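Chains as they are written, first to last, in our numbering: chain A, 1 to 436; chain B, 1 to 431.
Treat the hints as calculated values from the structure; they're not laboratory data. Remember, predicted model here, so these are calculated numbers, not experimental data. Incorrect hints may appear among the rest.
Unchecked claim - So the derived label-pair ranges between C-beta atoms look like this: (1) Ala376(B) / Arg149(A): 23 to 31 Å; (2) Asp374(A) / Arg359(B): 32 to 40 Å; (3) Ser364(A) / Lys134(B): 24 to 32 Å; (4) Gln221(A) / Glu79(B): 33 to 41 Å.
What the hints assert, rightly or not - Chain A regions said to be covered by chain B (calculated; three or more residues, Cβ under 8 Å): (5) 241-247; (6) 269-283.
Unchecked claim - Some residues of chain B that are not near chain A, with every Cβ distance over 12 Å (derived): (7) Thr131; (8) Arg383; (9) Glu397; (10) Asn410.
Glycine included, every Cβ here is placed at the ideal spot set by N, Cα and C.
Below are the chains, spelled out letter by letter.
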Amino acid sequence: MNYTVGIDLGSTTTKAVVLGEDGTVLGRGITNSRSNYDVACQVALSEALINTRFSLIAGEFRGIARDPSQATTLIGALERKFRAEQYRSQLRVLDTELRRFLSRLLTRPPAAAAIVDRIVERMHGEIDALYAEGARRKSDFFRDLAGSRYLALAEDEARATGVSFDLLAGLFDKAILDVENSAEAAGHFDQHAAVALAGLPGADPALTTAVARVSALTLEQIGSVGTGYGRQRLPFPEGRIRSEILCHGLGAHAMFPHTRTVLDIGGQDTKAIQVDEQGIVTSFQMNDRCAAGCGRYLGYIADEMSLGLHELGPIAIQSSAPVRINSTCTVFAGAELRERLSLGEKREDILAGLHRAIVLRAMSLLARSGGVKDEFTFTGGVARNQAAVAALVKLVNENYGARTVNISDDSIYTGALGAALFALRSAGSRECRRTA
Amino acid sequence: MSPAPTAAAPARKDDSQVRQKAMIARHFDRLAAAPETGARTAYTFVPGNLTELLLSFDVLPVLPEINALQSAMRGKTAEYIAIAEKHGHSEDVCTYVKSDIGMMKSGNIGPTGQRLPSPDLLLLSYTGCFTFMKWFELLREEYHCPVAMLHVPYQADGRITDAMRTYVVDQLKQVVIPKLEEVTGRKYDEDRLREHLARSAQAEDDLVWVLQSAKNVPSPIDAYFGAVYYVGPIFSAFRGTTDAVDYYRELREEIAERIRQGKGPVTPEGEVERERFRVVVEGPPNWTSFRQFWKMFADEGAVAVASTYSKVGGVYDLGFRHDPDHPLETLADYCLGCYTNLSLPTRIDLLTRYVSEYRADGFLINSVKSCNSFSAGQLHILREVEARSGRPGGFIESDLVDPRYFSAANIKNRLESYFQMIEQKRPGVAS
């Protein structure tokens, strides 16, 4: 089966979107960009292809299921078991790497090996619960999931045994890089799918048939386009590289065809983009060399407050009296933050003010690009942050009046979707040339 | 999208380039020798300068702006700016000023490695930039020399009136010429001035021909980066000299030959073999990363077919030529007509006209952080020119000579996006 893929190699995360030949989104994949761009690209694509196979399995299964009303539940159960197997596979690699780095230490406490044993054993024991039905996971990334458990367990062990926590944490920091830098660590679809199926005894046999059919499918890539800050690192020819601005414009158009203005707040930059009725970019403005007000700003604030990035929005949205933070300069905002804390201001009010400051900077770019037209689509990682969204909606309304503000659950994939659509168009035009 | 056009092996220097280099070297030799020869020097500015008048008094012009941009191209401005900041100049002021002050504090070594003489006169022919006045106030405190200020009215209505012209001519007669007479001990010689002005007009004809050669497809020149070299002599110490006349005649012949051969412009990386994008550029170049900046265009096959920066000293393609029959009036018109003295509507008209006449795919603004003369109103210009020309505008931000303001990744990202935007908007392009 033929597919095209768009890969958005961003500064923080790498996203891949797989399209069928009819332009339907079949799969999405995401991973961290931070350790190795080439591997990030492979992992995101591999994730998107796994996601694609699950879409195809769902399609197949719905057609042959004994009880189609149960199809979604069964597919969900299968996917959770599959993800658990992936996690187990990565945890095995982590275990190996932890021991390798431990053996390299010049001075290692005698208890260290046993501590690593206990931590990894506990983590293995928690996998089923982590992927149980209804379980909430704070991240999609192995680094985050495994890291938070490893460090918590290491803290307990350090307290109980007197072995240095820093030593145990340092081991993880080294070992996790090798897990992230190995595209193989997450294992293979067929193996995990077989184990996942075996974990569903008594399930409709048609599910086995659907998995077998989809596993046997050869997925052939007929086009690819790369975008994002790391696009030059992608293994694509130069002609298959598109700027994020064009990709976000086209991706937003595909998600919301009436979109005329697009705002993308990514990790390192903010783009205000105007598109026409075809999704073609007509003008854009981008932040200058200063990345104030971009996603990294939120990361900095989270570090300052010893919070997780994902915790900022939920806390800020609880504010009833946001403080006015004037600076969009990351460093100055840090100073304002500390001053406000010392004055006894509430954390949620300060955070709400910081989110507003980010959006004020974006408002300036929007104004420079030609204003906010109806409909308006907010894309990029920050679009997942409800406090940023709330501030944006309020300021857009105050400055431009009522506007339809679109935010997709898949907003983080907008650039990759646009890239995949460019790939599909190019593949289509090549096909035309071949048949002409 | 087709593969990026390649720039071939670096070309040899053209004869005109060799000639220009020798001219500049001779000029700096004369400046370095001034303390011994007793030659008088005047520091002055590029836009609307009075080179012919200075030459008629045998005064050698020194142009601090040119020194600053040359320092940037030699990688010296980070150091000079740091020195100026140590002396109390803040981060956001014109970086030409800080580079100049830093250079002066470092021994006033010019672009050729020779020491520049102190000025006998600071000649401020103010044209559209208030910072110039503050710059020369600072220099006056350092050099303790006379200052002659020529106030030039702003072209608010987009035209030069008789009253404006008379106002400038009166100042030339009552302030500037007497000051030059005082500094040099010589009498004003109008016949000598006429001779210089006649040579200016001759060189200006050839320069305009060269700049307008970019109307050819492909363009034989780059009218932004390449034009920096072409306008060097006419906007600096050479206008009105036989050197300039000879240089522009030779340059014109070289460009005529390129047209005959159907060749594109020469860049530091070699010739642009395939012209993919024709753009009009507004705003000065970035000097600290000039070559890298140019390469970003050349790598994409983007050729600047017209620019406003190449008119910063005087907008000859609106018809102006120095007129030896009206020597002071023509100097007044030249000062009044330089690009930074034009109103926003005039600049918009000019850019729109360039987009059309030079068959450009779009226009690009390089908004310079520390130059308000150029940058104020540029977003307005962008929207207006887009609306009138129907061609897409692009916007990037950098600085004149402060390397801290050039973010290569950011500018490259914006340029690539802009060129891809042009590509996407071409009729019949699917992807």
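Going down the list of hints, with the structure as the test:
no. : hint                              : verdict
1   : Ala376(B) / Arg149(A): 23 to 31 Å : violated, 56 Å
2   : Asp374(A) / Arg359(B): 32 to 40 Å : holds, 35 Å
3   : Ser364(A) / Lys134(B): 24 to 32 Å : holds, 28 Å
4   : Gln221(A) / Glu79(B): 33 to 41 Å  : violated, 51 Å
5   : 241-247                           : holds (count 5)
6   : 269-283                           : holds (count 5)
7   : Thr131                            : holds, 21 Å
8   : Arg383                            : violated, 7 Å
9   : Glu397                            : violated, 4 Å
10  : Asn410                            : violated, 5 Å
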